[in-house]
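Keeping the supplied structure of chain A fixed, place chains B, C and D with the ligands upon it in accordance with the hints.
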Amino acid sequence: MSSRIPLPYAPRVLELFQNPQNLGRMENATITSSAGSPACGDMIAFYLLIDEKSEVITKSSFESYGCASNIAAASQLTIMIENKTLEEAWDFTWADVSEALGGLPSVKTHCGSLAVGALRRAIRAYYKEIKNSKPEWLPTDLSKDEKHALEEEALADKLKKKYKL
Amino acid sequence: MSSRIPLPYAPRVLELFQNPQNLGRMENATITSSAGSPACGDMIAFYLLIDEKSEVITKSSFESYGCASNIAAASQLTIMIENKTLEEAWDFTWADVSEALGGLPSVKTHCGSLAVGALRRAIRAYYKEIKNSKPEWLPTDLSKDEKHALEEEALADKLKKKYKL
Amino acid sequence: MSNVEDLLKQHGKAIKEVYLDWENGTRIEEEVLEAMKPFYLEKQFGNPAITHRVGWETYDFYVKAKTTLAKPLNVQPQSIALTHSFTESNNLAIKGLAKMNKKRKKIIVSEVEHLSVIHTAKSMFSDDYKVVILPVSNDGTVNVDMLQEELDSETLLVSLQSINHEIGTIQPVREALEIVKDFDEKIFFHTDATSAFGRIPLDLSNLDVDLASFSSNRILGPKGIAGLYIKEGIKLKSIYEGQLSVETLSPDVENPALLAGFAKAVELQFKQFEEIREHTIKLRDKLMYGLHTSIERTDINGPAGNRRAPDNVNISFLGCEGEALTVDSSMNGIYASSGSACTSRVLMPSHILTAIGRKPEEAHGSLLMKVNRLNTEEEIDYVLEKMPKIIERIRSITGGIQI
Amino acid sequence: MSNVEDLLKQHGKAIKEVYLDWENGTRIEEEVLEAMKPFYLEKQFGNPAITHRVGWETYDFYVKAKTTLAKPLNVQPQSIALTHSFTESNNLAIKGLAKMNKKRKKIIVSEVEHLSVIHTAKSMFSDDYKVVILPVSNDGTVNVDMLQEELDSETLLVSLQSINHEIGTIQPVREALEIVKDFDEKIFFHTDATSAFGRIPLDLSNLDVDLASFSSNRILGPKGIAGLYIKEGIKLKSIYEGQLSVETLSPDVENPALLAGFAKAVELQFKQFEEIREHTIKLRDKLMYGLHTSIERTDINGPAGNRRAPDNVNISFLGCEGEALTVDSSMNGIYASSGSACTSRVLMPSHILTAIGRKPEEAHGSLLMKVNRLNTEEEIDYVLEKMPKIIERIRSITGGIQI
Ligand SMILES: Cc1ncc(COP(=O)(O)O)c(C=O)c1O
Ligand SMILES: Cc1ncc(COP(=O)(O)O)c(C=O)c1O
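Protein chains in written order, with our numbering: chain A, 280 to 444; chain B, 280 to 444; chain C, 90 to 492; chain D, 90 to 492.
I should point out that these hints are in silico values taken from the structure, not numbers from a laboratory. All of these numbers come straight from a predicted model, not from anything done at the bench. Careful: at least some of the hints might be erroneous.
[Claimed, not checked] Derived EDC-like pairs: lysine to aspartate or glutamate, alpha-carbon spacing no greater than 20 Å straight-line:
(1) D:K448 - A:E378
(2) C:K102 - D:D95
(3) C:K375 - C:E474
(4) A:K363 - A:E378
(5) C:K153 - D:D95
(6) D:K132 - C:E474
[Claimed, not checked] Pulled from the structure, derived: some chain D residues nowhere near chain A, Cβ distances all over 10 Å:
(7) D95
(8) L130
(9) R263
(10) E367
(11) V416
Even for Gly, the Cβ is constructed at its ideal location relative to N, Cα and C.
Looking at chain A on its own, in the form it has when it is part of the complex (with noise of 0.2 Å):
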């Protein structure tokens, strides 16, 4: 069945889209990112608040423009990284938050990676903008949630030169 119909949401997906924890722009943000872009229709905006000592994540929120099950995943992401240090959080994989929401249809993939791409980004922009400095965990390669970004944004810049805009 799944692989002619896209499966529906789980339950959870739907919860989260109703309630979005964690939603809205955070204004004393420690670090701010983006993944992905309108034109693709999915774009995400992570904001991190970290205490600079421990290195946890004390708060953090979002914005999504983007179907239902990209809200959940960025929202459910932003619960699972509370608390948490920025190296903990860097390990949140797309499969974790997809198990965490009760599976997410493969066609919608590319949705619950975009939010880890965001965090991801978040993770780094912090060591390079703020700490200047790159801890050993952190690796110099992108990941793959980072690339699945990347490859978004460039479907865009596809999608606007096709349209010429």
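Below, chains B, C and D with the ligands alone, put in the same frame as chain A:
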């Protein structure tokens, strides 16, 4: 409609199929003929009782191995030629029979024309075998309906060959 | 415009009516219609990919209905594709496979397949495909020795029906399948199971075919929907273009009402599988042997005993033309069809009867009668009572004509 | 197996439900089902070519039903072929014509045609056919000047829809037809009239097209049956193989129950043609301008006034993603669809919205709502009351993201 689905019969066809007039072998027939072939699923035997002096058909009958319209057409023709001279009888065409039956579906043309073919063969045979002379009005060339009977019989040969009988 | 009403008046209505022409037209049961009703009247079910409540309900319904369809075949629900008709299923199986697998170009079918298989295979022929048509024995059984001989490295597909729709031959599908797969695992095997579904056990997890067609109207479900089992991993190209699914596979026909009816018909047929089987075999034998015994110069077409479909009766009455037979039967309230040229749209005798060696005049005199769970013994008694007189009258019209 | 029931529990059921997604799923009326019932329960109607009482009754019924279908188009009943869907009608029109007329190899369509037309035309392309796709203006109107330029002695067929199914543009079919036939009488003209049938007058004895597709489910008849008008003398090759009729023409789909429903739906739609037209135009304008006035940053997609289909509302809400919109609307009991990539099966924004120059982010934020005779003013009031809050909430999730 008629081009895609064979039109059902007119009521007269069914009437004559239910109660065929002039059905059956005639032992004292002046002349007998047949047309068609069982291999094609259509064969007619025609019997004429002819008053030799007036050349009037005083009685005629038929047997039919064929569909309802074949039976009705043969029966209808025996009715039409009763008390007609051979010359008058010759002039009946398939169109006349079809009209008298209320119209035959075009796909059934061959059934109606087989009856006319059989009658004409009987008339020819009468002059050839019994009278040993050919009247003016009798064409030398085969008429359309006679040719049709021939075609049908040729098809039977082909069928037999196809199915290696 | 139409004078059919006058025709029907002339025809009259028999006191009793017995419908045995299930090959050409079916009705459905109240219970099946009840299952369809909510989808017609209450829900706007249509597109299971739509992202709102109604779409999700549709999705949920599709999963459940496909599970019902897949169960008697003992396969996964996602391996069933929905089409509009078994004709479409057969076309999709053959053309859809060939378009996705262009390296091999030989297709083997039998000469007693349904025309939707034979014509589809032949239509490939022009595209420089080789088509081999296997002969059958005089009870309609496909010659598997010749199948063995025809297999080669060019062979793409073998398509063999499970049961013949006209003369009821149960084909040696398992044997043929083994021969094919022993020769080369990569040759695809399709079976048109339309006349077998619901009649004989078809456990496709055991009988490991690649593709199998089956249909709703053949088990008293509504017309307009049919299935094609597609083994996991096999890709078919759609036979028409439109809103394709993400995969290259032909999209499921989106017709929830008909699917609901199909699923209910499957439930009903398989809930009482054994009873229906026994019931139809009883009626079949009563009718077939009853006619054979009481009427002279009759030939049974197709095999006897357990190699014959439980629902199939096909008899040739020598000296009778079949169209006349169907009309006279009709006036006596008995509805059947014939392999006669005069009842076909192309004016040729049944290709199946001639394939089993019947002479054209035997084919012309054939009557096809099917029995199903809606028929009763009493109906068969009526047919047995009436038929001798009908045959006698038609033979009296034939008279002395030598057949 | 499926957790959809839990999903639906989470979703909850709105106090009031308003169904506007008629493009993706329809229901039928009690009266239509009543017309179908006898064909499901009482009669084994199936094959109008069969020579017994039931076959003749079927024939009689076909003549009458086709007469009903042909009447609003003002054509002869025998010029209507029955198919399973408008997708099949469009495939048959294009492929069936090309296969019978192999001398000319250029096909011209517009970029806003239904995918069943565009994909069919493109599928010919590989067979060394030339396919020209005409652009449209920013309200979706096909550029007839470019049509004029593209015509040449190679041109086989021009296929232009009568009304666009997504943005409601009424196309200049008459003008295009005149241009084509003035250039060369021998070029065939097909119109996909699926979204126009029952909405605008379509007198084909006057608008002298060669082929026209129309469908049952688009006028609240049952799914699974559609029509193709084929002008007298034009021959089409069937798109699948099977029991063909005597002619080369595709056989009529033999589905008396669905045909009965189709005919009844035609009767109902055309009996009240003017009332339905006025009613839907009223609801359309109320909904479309109501939303446009009460909600900021909205764009109406497609033309205004009498160049717009009576039943079509299509609006882009900037800063909203369409899938989220359909889900939130659903939780408020409002069912609609979107041209968003996220709701399509191929994850691309609507090819129609991008064709009229909408940026992808405008297409993603679109909502398609159709109104028909079953919708009421009160329903529209409910939608107008709810939508501003829905849009506000979705925009609040988007927050400061720059669209
Ligand atoms: C001989 C024959 N041809 C064609 C068909 C068409 O069937 P379908 O429309 O289900 O493919 C049937 C069905 O009754 C049939 O018996
Ligand atoms: C966009 C789209 N594609 C395909 C279809 C298939 O319709 P049908 O099965 O009538 O051809 C529909 C019908 O609702 C549709 O709206």
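Hint check results:
no. : hint            : result
1   : D:K448 - A:E378 : 34 Å, violated
2   : C:K102 - D:D95  : 55 Å, violated
3   : C:K375 - C:E474 : 12 Å, holds
4   : A:K363 - A:E378 : 18 Å, holds
5   : C:K153 - D:D95  : 15 Å, holds
6   : D:K132 - C:E474 : 24 Å, violated
7   : D95             : 5 Å, violated
8   : L130            : 32 Å, holds
9   : R263            : 30 Å, holds
10  : E367            : 37 Å, holds
11  : V416            : 5 Å, violated
Hints 1, 2, 6, 7, 11 from the list above are not met by this structure, while the remaining hints are.
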